[in-house]
Amino acid sequence: GNAAAFAFVAGIALLAVFSFALSYGAQAAQGALTEAGFGAGARLLIAIGSPLLGLAAGYVFFGLIYRYLPRVPVARSSVRVAALVSAVLWEVAKVAFGFFTRGLGLFSAYGPIAFAAGLLTWVYLTAVIILVGAEVIKVRRST
Numbered sequence: 019g020n021a022a023a024f025a026f027v028a029g030i031a032l033l034a035v036f037s038f039a040l041s042y043g044a045q046a047a048q049g050a051l052t053e054a055g056f057g058a059g060a061r062l063l064i065a066i067g068s069p070l071l072g073l074a075a076g077y078v079f080f081g082l083i084y085r086y087l088p089r090v091p092v093a094r095s096s097v098r099v100a101a102l103v104s105a106v107l108w109e110v111a112k113v114a115f116g117f118f119t120r121g122l123g124l125f126s127a128y129g130p131i132a133f134a135a136g137l138l139t140w141v142y143l144t145a146v147i148i149l150v151g152a153e154v155i156k157v158r159r160s161t
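First residue of the sequence shown? That's 19 in my numbering, and the numbers climb one at a time after it.
It should be emphasised that the hints constitute simulated quantities derived from the structure, not laboratory data.
Where is the CB? At the ideal position from N, CA and C, for every residue including glycine.
Certain hints may be false.
Claimed, not checked - Ranges between beta-carbon positions, derived for each pair: (1) V90 - P130: 39 to 49 Å; (2) A60 - E153: 38 to 48 Å; (3) Y86 - G57: 22 to 32 Å; (4) A60 - G116: 14 to 24 Å.
Please construct the entire structure, taking both the sequences and the accompanying hints into account.
Right, here's the structure in full:
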């Protein structure tokens, strides 16, 4: 019922937060390792490992959405492909959005209003990525 739907949405939201924490935590860790004098190997490991973990979290995130939210049964192979496509797009969008927000410096100039606009933009991008994955499922189903 409603409790199960709420728990499902809360679980998906936690996966999304986990994916963000991995991405931005890794950036902070790279900076800290550089300041602490660690070698390039440790920084490279974080630089490669963080996106892979974020990709895995995104894959689970989108896989759950595409597997359990549609009203019609969806083939597992279609769910896997759509989840992979969406997870890759989401990782690219996270990196691009981070560069965009840091590069413009809007948050320091406009404060909470820029944060609200950024949040709405991110929600829109996520919705578009979810719809792209749904389209992948539809195309695979019709072929």
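Evaluated hints:
{"no.": "1", "hint": "V90 - P130: 39 to 49 Å", "result": "41 Å, holds"}
{"no.": "2", "hint": "A60 - E153: 38 to 48 Å", "result": "40 Å, holds"}
{"no.": "3", "hint": "Y86 - G57: 22 to 32 Å", "result": "44 Å, violated"}
{"no.": "4", "hint": "A60 - G116: 14 to 24 Å", "result": "21 Å, holds"}
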